[in-house]
Amino acid sequence: MKILGRIFIILAAALVVAAATIALVGNDTGSFEAEAERAPVFQEQDDAVTAEQVSGRPPREGHDEASLFGIVGVLQNLVIISVIVLVVRLGGRAQRALARFGAWRHNS
Amino acid sequence: MIQVKKQLNQTKINLAVDAGIFIGFLIADTPHFTGMAIHEWLGIAFAAAIVTHLLLHWRWVVAVTQRFLSKAPWQARLNYILNLLLFIDFTIIILSGLMISQEALPSLGLSLESGGAWKELHHLSSDLSLALIGLHVALHWQWLVKAVKRYVIQPFTGRSTMQPSLVTQLDRNEV
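So the sequences go chain by chain: A and B. Just so you know, we're using the working numbering here: the first sequence kicks off at 1 and counts up by one. Just so you know, we're using the working numbering here: the second sequence kicks off at 109 and counts up by one.
Please note that a few of the clues may not be correct.
Claimed, not checked - Some residues of chain A that are not near chain B, with every Cβ distance over 10 Å (derived): (1) Thr21; (2) Ala94; (3) Gln95; (4) Ala99; (5) Arg100; (6) Arg105.
Unchecked claim - Output of the computed footprint for chain B on chain A, the stretches with three or more beta carbons under 8 Å from beta carbons of chain B: (7) 6-15; (8) 67-75.
Said to hold, decoys possible - Sample of chain A residues with no beta-carbon within 10 Å of chain B, all distances over it, derived: (9) Met1; (10) Leu78; (11) Arg96; (12) Ala97; (13) Phe101; (14) Gly102; (15) Ala103; (16) Trp104; (17) His106; (18) Asn107; (19) Ser108.
No lab work stands behind these hints, which were simulated from the structure alone. Each residue gets a CB set at the ideal place from its N, CA and C atoms; glycine is no exception.
Model the full assembly from the supplied sequences, consistent with the hints where possible.
Have a look at this one:
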């Protein structure tokens, strides 16, 4: 029961964030239709009626299929996170070293 | 003795859950690697993972929330603000992901008509999450190193690299 209450609080907080986001972004539905109107050449070239055109969904971006080369992206993210961790850790050490140096100068 | 054992188990659970969330995040953040369907379902599963993570650290969340404006140390305040930003960011990622879903929601018979703003927001919040995760890991680095030494390296090497008193304090160092 206690856990259910906690889950409810977390979901309520998420709902507040979601509601604020929807209020800020609004009901954005027209962008893709506008883009399609701006680039009619590509639509005219393709005679076949695709599932996207039928459903009114935007054309897909080309990364629907899994690719082993995508592991590069995983490694890239890992490197970015490692660099951030390294910078923060080194920054913390430098700050402590400076504080020790300041104290040493003050004493001497 | 039972209390110490409980704390050790708690640290082990935290380490396992956090490692799972981290690896899941790395994989889910690259749709080129997983394909769109797995990317979306992993993203939805991520919501459950975040709830689990928060439930495991509930005492810390409550304690710092109560002391935030009065006597919490600045590290705890910084950590709290960072975690709050992470929560907001992940909520936005999941929400915007649902709004632009091409596989998961349509497979459930749901379809949301949304435009480019949601896509932009999804990419932007996803990029931001990378930086926030980096800061989150950096702030918990000492706990992470100690826990990995204790539960990952030590069982293989067979010798203790930590004093017992430090092991029992792993949970408290999390803050």
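Right, here's what the structure says about each hint:
no.	hint	in the structure
1	Thr21	5 Å, violated
2	Ala94	14 Å, holds
3	Gln95	12 Å, holds
4	Ala99	14 Å, holds
5	Arg100	18 Å, holds
6	Arg105	25 Å, holds
7	6-15	holds (count 6)
8	67-75	holds (count 7)
9	Met1	13 Å, holds
10	Leu78	6 Å, violated
11	Arg96	13 Å, holds
12	Ala97	17 Å, holds
13	Phe101	22 Å, holds
14	Gly102	19 Å, holds
15	Ala103	19 Å, holds
16	Trp104	24 Å, holds
17	His106	22 Å, holds
18	Asn107	25 Å, holds
19	Ser108	29 Å, holds
Of the numbered hints listed earlier, those contradicted by the structure are 1 and 10.
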